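Here is what each chain is made of, one letter per residue.
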Amino acid sequence: MPPSTDLLQGTLDLLILKTLALESMHGWGIAQRIQQVSRDALQIGQGSLYPALHRLEYRGWIQSDWGASENNRRAKFYSLTPAGTQQLQTELETWDRLSSAIGLIVRQTPETAS
Amino acid sequence: MIRRRLTHLRFLLHPNSRQELDEELQFHIEQSIQQKTAQGISPEEARRKALIEFGGVERTREQSHQQRPGWWIETLAQDIRYALRGFRRNPVFTLTAIATLALGIGATTAVFSVVDPILFRALPYGHPDRLVSIGLFHSLEKQEFTLGGFYYYWKENQTAFSSLTEEGGETECDLTEHNPARLNCAYVEANFLPTFEISPFLGRNFLPEEDRPNGPQVALISYALWHTHYNRDPGILNRLIEIDGHKVRVVGVLPRDFEMPRLQPTDVVMPRAVDIAAQHVVNRGIGWPMWAFARLKPRVTIEQARESMNPLYRDVLKIIPPEFRQDFHLRIRSLRDRQVDDIRLVAWILFGSVLAVLLISCANVASLLLTRVAARQRELAVRSALGASRGRLIRQALTEALLLSVSGAAAGCVLAAILLKIFVAIAPAGIPFLDKAALDPRILLFTIVLSLLCGAIFGLFPALQRPRPGALAARSTSSGSHAALRRALVVGQIAGSMVLLSGAALLLRSFHNLQSQNLGMHTHGVLTVQASLTIQRYASNQKKMEFYQQVEGALRRIPGVSAIGVSDSLPLAGLHDGRRYADLLVDGRPPTPPNTGGTVASRSVTPDYFRALGIPIVQGQNFTEEQRDLPNESFMILSRLLADRLFPHQNPLGQRLRLGWNDDDAWFTVVGVAADVRNTDLKEDNQPEFYKLRHNSEGDWNHTILTVETALPPETIVPWIRTQISRLDPSIPVDVEPLRVKVSRLADRPRFESALLGFFAFTGLLMAVIGLYGVTAFMVAQRTQEVGVRMALGASRSSILRLILWDGVRLIALGTTLGLAAALALSRLLRTMLFSIGPHDPVTFAAVTALLALVALIATLLPASSATKVDPVVALRYE
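Protein chains in written order, with my numbering: chain A, 1 to 114; chain D, 1 to 879.
Just so you know, not all the hints are guaranteed correct.
In silico DSS-like cross-links for lysine-lysine, where the CA-CA straight-line distance does not exceed 27 Å [said to hold, decoys possible]:
no., chain 1, residue 1, chain 2, residue 2
1, A, K76, D, K49
2, D, K155, D, K297
3, D, K36, D, K49
4, A, K76, D, K36
5, D, K247, D, K543
For the record, the hints were derived by calculation from the structure and aren't laboratory data.
Since we're looking at a predicted model, the values are computed, not measured.
Assemble the whole structure, with the sequences as input and the hints as a guide.
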């Protein structure tokens with residue numbers, strides 16, 4: 001696997017948790033929502049969405065229930081657990097720290113460096 | 001954390017997650033299709049696009065599934081199921097592998113468990129590695145001892161030891177209280193326990209004043225005696241008990257694991273109370289014999305101790321008569337070395353042979369696994385092509401190897417327990433600690449780990465190699481390196497079993513020689529009768545004589561008894577009296593130089609002794625009953641060996657002999673010459689021997705054994721004998737035993753040795769043959785097509801047979817040659833264990849080689865002959 005996967009995977013977890021923090025949703029809905037909110041910039045590899053969902057579920061951060069979808073089909077809805085809310089908080093903090101750190105380096109100009 | 005575990009548990013118990021996952025993915029794709037059809041794409045096209053967008057459904061399914069916490073258990077179960085299916089399809093392979101492993105593990109564990117307490121057990125003393133045994137070594141007494149004359153000089157002047165102590169051996173003693181018992185009493189110096197760092201379980205050690213002549217009478221009793229006789233009474237301390245009629249104060253109880261350094265049985269330990277000054281006077285000034293032990297000072301080695309003790313030894317050597325001096329040497333060795341002395345060689349030989357069996361069994365399992373893997377090259381290639389990762393293939397191979405090893409180990413544990421029982425049952429009495437031998441879990445673990453490793457390495461080895469792309473297309477042929485490795489393993493197995501077989505054959509033939517030799521006397525139909533007379537009731541020899549004479553008379557009246565012999569000892573059954581050859585003085589001849597001739601056995605017998613044991617008088621005549629009542633006339637019968645030596649070209653009859661140099665010693669008249677009897681043990685050369693007539697006078701009745709010749713079976717006559725004696729004195733314990741049993745006990749050791757080595761040799765041979773058969777059968781299967789082609793081109797069956805056989809014969813020849821060389825080199829180790837057979841006995845080696853070659857040839861012939869039955873048409877269509 002390419003070395004960037006770890007970062008991507010961590011990011012995917014964060015995106016899923018953030019999306020579910022608003023409301024419970026099924027897999028398709030999560031993929032759609034992330035795509036819409038990011039204005040199509042983030043295309044979730046649909047193949048990696050479900051392993052990620054299952055991983056989060058086994059960790060106890062999200063839970064699933066079967067319910068009816070918008071068009072009345074049986075679908076699996078995921079929602080955040082209390083542990084997941086906590087985890088989201090931690091991951092957001094980590095993300096903020098990380099992105100601001102990266103931002104500092106990436107946006108550095110020759111003048112500020114000297 | 002608990003919450004998380006609970007979550008895991010929930011998922012583990014959740015059964016239909018696969019179905020749910022399918023439904024979930026199905027929903028996702030349907031949504032995607034719906035979205036696309038809503039954009040105006042045709043349903044077929046929408047479906048196609050949705051699937052492309054999603055990527056590998058199957059892969060997602062697998063990956064999602066692998067997120068489950070317990071998914072590896074599932075694959076393990078899968079691997080096991082797959083392995084079991086494979087084993088069921090191939091029961092011969094499976095059973096052979098398990099049986100091989102079980103034999104290897106079982107035999108190794110059982111033997112290590114026997115050998116471990118002998119060679120490596122922890123001695124029950126503090127810092128036992130610092131303890132040494134020190135003493136004089138003489139060619140007649142190979143276990144070192146010392147003498148009072150040496151010991152006390154050493155004790156005063158030595159510098160190498162932090163402590164030097166001695167014990168005076170043990171004697172039988174009687175507990176003469178309300179509940180009498182026959183005990184073993186040992187006598188030790190006061191610093192004995194501190195030197196060995198033994199602290200009493202109860203009470204205290206001896207005080208210095210208790211270890212002086214005429215000091216207070218005190219004793220330490222063994223834990224067992226305290227337990228059985230005094231019911232663990234804590235009030236035992238300071239109690240007076242009565243030993244041989246003397247009041248003795250108990251000052252302590254010895255620890256439970258206490259043992260004397262020479263391992264003699266001990267119930268009571270008492271102070272030596274030696275009169276040190278007298279040690280320079282008694283026993284012609286050399287002092288009484290004793291056994292000395294010492295604790296080395298820190299950082300002093302045994303070699304340094306030897307160097308520092310040697311001058312002290314030479315200082316005292318002058319007290320030994322000059323003609324004997326060069327027979328003595330100083331010996332210092334570790335206590336453990338002394339304890340394992342003569343058993344050590346046997347233990348190491350067992351150790352070596354069991355290691356050979358273990359290696360052979362490992363080689364066998366390895367070669368079986370390699371064969372199996374070679375046959376499965378194609379299967380592996382197919383699985384790999386279908387997307388099984390290398391990790392998965394390795395895991396599968398490992399699972400199979402481990403499954404085999406675990407089953408083999410389980411069977412091996414059972415076998416080890418059974419074998420250990422058998423060993424203990426057939427082992428002779430002289431092997432120390434065998435009664436304590438138990439399956440050692442550490443050893444079991446070691447052998448199991450070893451076999452697991454062996455299985456894992458050889459199971460993994462092929463799986464680690466990337467399946468060659470050709471393997472899928474080509475007929476499954478084994479790779480060259482594997483074939484070479486397998487052949488090497490077979491050669492090694494044959495060589496190993498050759499070594500084992502030749503060792504076993506030598507021991508077996510030696511044992512046979514031992515058993516079938518002419519003893520010079522009857523052992524069948526002869527019973528020995530021994531009574532333990534208590535010192536209390538039979539204080540004088542007069543009383544003893546009266547008792548035994550009554551017994552002799554009573555036994556004579558039992559119907560079916562044809563002769564009652566009375567003697568002080570029996571050949572091949574315990575110790576006998578002896579004299580120096582130089583002590584025999586022939587009337588009218590100058591004395592023999594004092595240091596020549598070795599020792600002569602001496603026995604005091606009644607006339608019926610020769611009749612009871614069937615020893616023929618070859619010259620002159622037997623003693624007569626009337627002579628027994630003539631105490632002033634001394635008569636003697638010589639053994640053939642002694643007669644020939646004393647009177648080479650003379651008639652021995654009527655010659656007069658004296659024992660010793662004193663002028664007032666009696667002269668014995670030689671009345672006859674008896675045929676030689678095996679009188680030392682089964683292996684050593686006979687000693688010359690003379691028989692003195694046992695008179696009806698009290699001086700001759702100190703030690704007494706009766707021999708009863710009878711045609712009746714022992715079951716019938718033993719109770720009669722017991723009844724007759726108990727009628728005379730019901731309180732006396734009587735020991736009645738067939739002489740045959742007593743003598744055959746001497747052969748226990750060789751029987752044990754040859755049985756064990758024979759067992760290993762058989763196991764090794766069996767496994768080598770299995771290995772050879774397996775490899776040949778496999779090679780035949782590999783060459784089916786080749787054979788088909790050859791036959792289609794006109795090769796005859798016999799030439800095919802030759803072709804296949806030739807392969808096997810080369811392996812056998814190589815293995816046998818290597819094995820023969822190794823066996824010839826190693827069999828020298830057995831020399832001291834062999835009786836009237838050389839370690840390089842050509843007949844034995846030829847027979848073993850022939851046997852091994854024959855059995856191995858049959859193992860090749862069976863699969864080879866099946867190759868000739870190949871139908872060329874079938875073979876060619878096989879692909």
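Here's how the hints hold up against the structure:
The suggested pairing of K76 (chain A) with K49 (chain D) holds, with an alpha-carbon distance near 23 Å, which does not exceed 27 Å. Straight-line distance between C-alpha atoms of K155 (chain D) and K297 (chain D) comes to about 14 Å, which keeps the hinted pair within the 27 Å bound. For the proposed pair K36 (chain D) and K49 (chain D), the alpha carbon gap of about 8 Å is at most 27 Å, so the pair holds. The hinted pair formed by K76 (chain A) and K36 (chain D) meets the criterion: a straight-line CA distance of about 21 Å does not exceed 27 Å.
Only pairs whose Cα atoms come within 27 Å are accepted, and K247 (chain D) paired with K543 (chain D) is accepted, the gap being roughly 25 Å.
Comparing the model with each earlier hint shows no violations; every hint is respected.
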